[in-house]
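Asks: Okay, here's what each chain looks like letter by letter:
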Amino acid sequence: MTAIPVTLISGYLGAGKTTVVNHILSDQHGRRICVLVNDFGEIALDADLIDNRTGDTVALSNGCMCCTIGNDFYSAIDRILRMSPRPEHLVIETSGVADPFKVGQIALAEPEMDLRGVIVVVDAVNFANAMTDPFLGDTLRNQLATAGLVLITKSDIASPGALKSLRVTVATLAPEALRMVADHGRVPSELLLDPLPLRLKRSDPHAHAQDHDHDHGAEYRGWVWTGSARADSAALDRLLGADIAGLYRLKGLVQTEDGGWNAFHRAGLHAERRAVDPPHGQGRAVAVGLAGHFDPAELQSAWDRVLDHG
Amino acid sequence: MADTVLYSARRIITMEPTQPHATHVLVREGRILGVGGPEIAAPWGTVRHDDRFRDAVLLPGFVEAHSHMMTGALWEYLYCGNVDRLDPDGTLWPGVTTVDEMIGRMQAAIARLPAGAPLVCWGFDPLFFEGDRLNRLHLDRAATDRPVVVIHQSFHLMTVNSAALDMAGYGPDTNAEGVPRLPDGSLMGELQEMAAMFPVMRRLNLSLQDLSRGERAMVQFGKAAVQTGVTTATDLYAELDDTELDTLLSVTARADYPLRIVPALGVIGMEPETAVARALAVRARSTDMLRMGICKVMTDGSIQGFTARMNWPGYLGGQPNGIWNLEPARLKSLIAALHGAGLNMQLHTNGDEASGFVLDAIEEAMWTHPTGDSRHTLQHCQMAGEDQFHRAARLGVCVNLFANHLWYYGDAHCDFTVGPDRAARMNACRSALDNGVTLAIHSDSPVTPLGPLHVAWCAVNRITPKGRVLGANQRLSVLEALHAITLGAARTLKLDRDIGSITPGKCADFAVLGDDPLTRAPEDLRDIPVLGTVQGGRVFVK
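Residue numbers (our numbering), protein chains in the order written: chain A, 1 to 310; chain B, 1001 to 1542.
Derived by calculation from the structure, the hints in this document are not laboratory data. Warning: the hint list may mix true and false statements.
To be verified - With the C-beta cut set under 10 angstroms, the calculated list includes, among others, these residues of chain B facing chain A:
(1) N1135
(2) M1194
(3) M1197
(4) Q1304
(5) W1324
What the hints assert, rightly or not - Over 12 angstroms on every C-beta distance to chain B, these chain A residues come out as not near it, computed from the model:
(6) H23
(7) L45
(8) T54
(9) D72
(10) D78
(11) P85
(12) G96
(13) A109
(14) M113
(15) N142
(16) A234
(17) D258
(18) P279
(19) D295
(20) Q300
Just so it is clear, CB atoms sit at the ideal spot from N, CA and C, and this is done for glycine as well.
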């Protein structure tokens, strides 16, 4: 049996983990994702999205499901691994004080699990304050030191000073992690579930931070489109080869003018498009680019020109 | 007319200041009618004289205020510990201290198993084992055709044979923390902490939680209690779902069931309102033999696992501070809600940052709901200093200290976790009493073996296997230690109206000892034979 890909979502209480989880569960990504959460309490799912609900599991009409940990984390994992069919991806929302380094060990040890990445959510408004909490500061440092991707939430309502100082903190504590601004949790799920650089070999995050006063990480912005409009294949090819400032990655699945379906993918200078079988849902495209260079609005305009509105 | 029995004994140690010692106790309807000399029976009409305890010493039935239901059921697995122990059915299992002895025991057990069936062992403690650290090659000598699993006494580690590693899919590519290797680069077979043990456990359907469930676990727990003089014991993290609760009610109601059980509802993972509602609901179903309503709140991890939350200067080797079980803010609202509902909390706090935090949280909860007698109890509370004991006393908070740790982990604490100075004040029983804190001491069975006399011996002697005395000034007198396993423990559970001492009106619960702990040398306390118990007037002595 192939191993189930696993992504951890970590971050302190109130950072916005649940918003990210809600987004993953309701996003039209076409994957059967299982999200394991501490409790359903804060998960706000549209009633019309819910297929059925039994004690510890909510099944959604898009094929996703949400399970609660209940009394024991390990029994919950075992229950998910025994599901048939097995979910295509497991997302574990850890508690606000969990050490993702420790939680991640389960997915490294269990051969039926394949750890793809650790995402740590921080919010631009409250993080600095949380870091000064004597009971929590070290926990938050440890979480960041494990991150492959740091998601920054609430940047839209944070003061410029707070945002700037958060960037410095993240760059110091997680110098090699990617960063992405994700106000309201809106990041294309594909980007969250993609393999991330794994940082689960932590020896001493404090010593590591001292050695690195420079920032290896980069900050990204995301873009996503979902719809049923058809694309003009020639225009799509032009877009795949076009000069788009700061674009890191663009991929998607769309119906073209002749009614066939095409998957496309662009990473750096490499781009490809090929015919595929029709998917279950709608067309979808996602992109990610370097913050400060990549402009999602500009890509949206370019994409509108690719779509065949005739 | 109810049967009234006058028991005579060599000595009765009552824990009551009015009459600390007696020779006779009068019992009717499961309760104590009188205590004193032979003359006490006179006013009560016809009595039956029972002299079976004339050479024995009676104490109040021991109260184990921190133990777990799993205690008896673990014996379903093969015992491989280093000390001689009786299983609940009375069979003596001599300790094994060498690999050869262990392999011999395993081979005998395997001979009775169906082909291919796994062998699961428990009780092994590498700290007390001679020779090389146990590894898969040793266990391969027991079997190569089936998984062999040795659960360590700490329950945080296991050592397995090659067949078990193969079954779990462990191999050369395994790259997880807690899966160490031998010098030749192959896997050692030791699996450290739950994440590493999980692949083996789930494939063998090995669940320690499930082991604690059901009638047999309860029956075996009761037998283990009788052997150690225990008449009331906690199951200090219980789920108490309806099925389990029905079984508990029916088993503890049996005429021959020898143990009053005090399950603490595990509330971690519950929203505060849910926890309150659930605790009140189960409390309403309590009987004399099944006392419910107390709640178990977890805060941090363990000191030897470096997961306890410690104040500066933290761990000796500079390990990062431990982990919280729940966000501190959530812990505070949980504590406030339970306190506000008048529920008693038993709070797991190992490190001193955790115990200090819990005292903060309780004090805040008391601003809103002042009370003089909540008796919330800090469980383990191993690192608390004078300041915290003083504060606990003023807040009416009790402590249940892990005295057995001084023996089982004392040397490790000196050498690896906190160093000799702070190890000397671990489980500071003297400080607790001198500050006026209600004190219990415990085994956390099965983490260390059930046996209140051993726990008391630790509090009295504070000695380690290497011969160190950890904090001589923190030692208790024998009488103080006996108080902590009887009346002190009963008080932490708010059950001292009914149990904990031998005085008219209380339950006729006695520990029956073969010798007098107040005349034997303090260092012999743990060697005093336990002959059995009397529980609610029913005699459980062979």
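Asks: Next step is simple, just say for each hint if it's right about the structure.
Replies: Hint-by-hint comparison with the structure:
1. N1135: Hint on N1135 (chain B): violated, closest Cβ of chain A at ~18 angstroms, above 10 angstroms.
2. M1194: Nearest chain A Cβ about 6 angstroms off; hint holds.
3. M1197: holds (8 angstroms)
4. Q1304: violated (16 angstroms)
5. W1324: holds (4 angstroms)
6. H23: holds (22 angstroms)
7. L45: holds (18 angstroms)
8. T54: Given that every Cβ of chain B is farther than 12 angstroms from that of T54 (chain A), nearest at about 16 angstroms, it holds.
9. D72: Check fails; 6 angstroms does not lie beyond 12 angstroms.
10. D78: violated (5 angstroms)
11. P85: holds (19 angstroms)
12. G96: Violated: least Cβ distance 4 angstroms, not greater than 12 angstroms.
13. A109: violated (4 angstroms)
14. M113: violated (9 angstroms)
15. N142: violated (7 angstroms)
16. A234: holds (46 angstroms)
17. D258: holds (46 angstroms)
18. P279: The claim stands: P279 (chain A) keeps its Cβ more than 12 angstroms from every Cβ of chain B (closest is about 33 angstroms).
19. D295: holds (37 angstroms)
20. Q300: Non-interface label on Q300 (chain A) holds, nearest chain B Cβ at 38 angstroms vs cutoff 12 angstroms.
Against the hints set out earlier in the document, violations occur for numbers 1, 4, 9, 10, 12, 13, 14, 15.
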